[in-house]
Structure formats: structure tokens, C-alpha cells
Amino acid sequence: MAVGNRINTTMRKTIISIVIIISIFCCKKEDKTEPVHYLKNCATEYLNFFDDNKYFNNSSLTFPAKVVSKTIVSLQYSGNRVVRATGGFMNAPAGNNFMNLMFFNDVYDSIVYVDNSIYVYTRPDVFYSSVGDDPEKPTVYIKDAYGRLIKTVRRDGTEFNYKYHVNQIVEESSNGEILRNFYFKDNNLVRITRESGDTSSLYYSKKEMLFQEYDTKPNPLKNMYHLTGAFYRSFSENNYSQFTVNEYRHLDNGKIGIVNTSWYSIPIVYNAFGYPKFGEYAE
Numbered sequence: 107m108a109v110g111n112r113i114n115t116t117m118r119k120t121i122i123s124i125v126i127i128i129s130i131f132c133c134k135k136e137d138k139t140e141p142v143h144y145l146k147n148c149a150t151e152y153l154n155f156f157d158d159n160k161y162f163n164n165s166s167l168t169f170p171a172k173v174v175s176k177t178i179v180s181l182q183y184s185g186n187r188v189v190r191a192t193g194g195f196m197n198a199p200a201g202n203n204f205m206n207l208m209f210f211n212d213v214y215d216s217i218v219y220v221d222n223s224i225y226v227y228t229r230p231d232v233f234y235s236s237v238g239d240d241p242e243k244p245t246v247y248i249k250d251a252y253g254r255l256i257k258t259v260r261r262d263g264t265e266f267n268y269k270y271h272v273n274q275i276v277e278e279s280s281n282g283e284i285l286r287n288f289y290f291k292d293n294n295l296v297r298i299t300r301e302s303g304d305t306s307s308l309y310y311s312k313k314e315m316l317f318q319e320y321d322t323k324p325n326p327l328k329n330m331y332h333l334t335g336a337f338y339r340s341f342s343e344n345n346y347s348q349f350t351v352n353e354y355r356h357l358d359n360g361k362i363g364i365v366n367t368s369w370y371s372i373p374i375v376y377n378a379f380g381y382p383k384f385g386e387y388a389e
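Be aware that the sequence shown starts at 107, since it is given in this note's numbering, and climbs by one per residue.
Quick list of the computed label-pair ranges, beta carbon to beta carbon:
id	residue 1	residue 2	range
1	306	279	16 to 26 Å
2	322	230	39 to 49 Å
3	351	237	21 to 31 Å
4	273	300	14 to 24 Å
5	252	168	28 to 38 Å
6	371	202	25 to 35 Å
7	361	300	15 to 25 Å
8	252	184	21 to 31 Å
9	368	149	17 to 27 Å
10	149	378	17 to 27 Å
11	183	311	34 to 44 Å
In the DSS-like style, the derived pairs of lysine-lysine whose C-alpha atoms are separated by at most 25 Å in a straight line are:
id	residue 1	residue 2
12	383	323
13	257	243
14	249	328
15	313	269
16	312	361
17	291	312
18	313	257
19	249	291
20	383	176
21	383	291
22	383	146
23	312	257
24	328	269
25	269	257
26	328	146
27	257	328
28	146	249
Keep in mind that the hints were calculated from the coordinates and are not lab data. Source: prediction; values computed, not measured. Every residue gets a Cβ at the ideal spot worked out from N, C-alpha and C, and that includes glycine.
Produce the complete structure using the sequences and hints provided.
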């Protein structure tokens, strides 16, 4: 009986060892490493530069003829961080508008990371505003421990603070004045409003940006607040393919209504991994 028990025990140990070896082999065989999805570049049609605090809300932004090679932002990495973004705006006076900005491929952002702060230096020197702007200084983005944007500092020293609420972010000035409200649904930014004046005033105005037609695919620009043109996309889990801008004023009947609407459609296609083809991905 003792010999039989020893044989049975030995057989059980052998069978268990074989099962473990087979399991390990199968796991290794099925383990496929998915590539890291870092954008090498991004077409400007998928970016949004207007009303961006970085550019002092300058609306005089223009682009060259739609030649793909002339309208992309190229990204250079150190590890998993973008340290240089090539493609940006340079002063290109048009008539009496000396602050007109045009997109050029030889403008670049040099990006420096220090703890939770990100410093973006634009070169060569370019003026975004004729008042207070200092091209030698960086635009600063500060995140919290969760990677959320909590403050930006413009090159003239103006601060913008971001306060988080349920499905809403409030953008405030350094003295607590509400500048913009960001509204969310399903972890995606769907609406931004900026109001000026009291609703009872004839000079009241409101600007509304609507981000629409979200997909359910991963967003390669999430939390990339500091990348040129990526600010609005960076807040969302997924990717919008339409956006609308509405401007409100007092109408002749005394009511507040829409006086101007702009609508944009940006069709998106996807790669084999379900990522949007905003540009090329690193291999």
C-alpha cells in the first residue's frame, strides 16, 4: 500500500507539472503585445486653435493652401513624452492687421517637464498679442496628480484656473471671475460657453462651442492640453467629428438669440487598432 501511494503521489505531481508547463506555453503563445499608440504627427484639420488662451484668443489665424505637408504638426518624443511639436503660427501682417498669424512648418514648440508643470517655449519668437506678450517666456500648463489640467499661465503672466465639478469644469481668472464653463457628458467635452455682460444689458454677448458626433474609440490626444491645437480634444475620452460655434446677442425684439452660426465637419477614419487617423502613428 505504501508503495502504491508513493506511485500515485508521484504521478499526480508529474501530471500537475505537465499541466503547468502547457499552461505557461499557451499563455506565451497567445500573448500579443499591442503597439503603443503615439501620434508621430497630426493634421491641423483635426486640431482647433481658435479661442485658445495660448494665442491670447487671437482670431486672426490663417493657413496656407491645403497642402498636407504644409498643414501638419509633427511630434518628437523622449520616452512617452512629446518634447517638440513642429508646426505653428508666425506673424504675417495682412493689410492693417499686424497681429495676423499664419501657420508655418518652421515654427516649433520646445516642451520642458518639471514635476507637474509643463513649459512650452515657442521658437522662433512670435507675438500673439501687441499688449503684454513676451515671446521669450513659456506658456505654462500645470496638472494635478491625476493628470488633470488645473492652471495655465499665459506668456503675459495671466493665469487661468480650472475648478472641477460633476460633469463641469469652470475656468476662472486669478481673481475668481468666471471666464468659461466646460460641460461634459459620458466623459466627453460637449459644450463650452463664454458670457460677457449681464443678460439685462444691451451689450450682453455669449459664445457657445458645441462638440458633436463622438465616436467610442480611444483619443490619442487625451490630457495633451499643452500640444498646439489639441486643447479642446484633450479633455475627452473619445473623438468628436463635428463642432458648432454659436454667437448670441440681444435681438431687435429684446430677446437674446443667435446672430451667427458656424458649423464644421471633420470626418474620421480609423486604423486597424481602432485609433483615429489624425496622422501617422509611431511603430
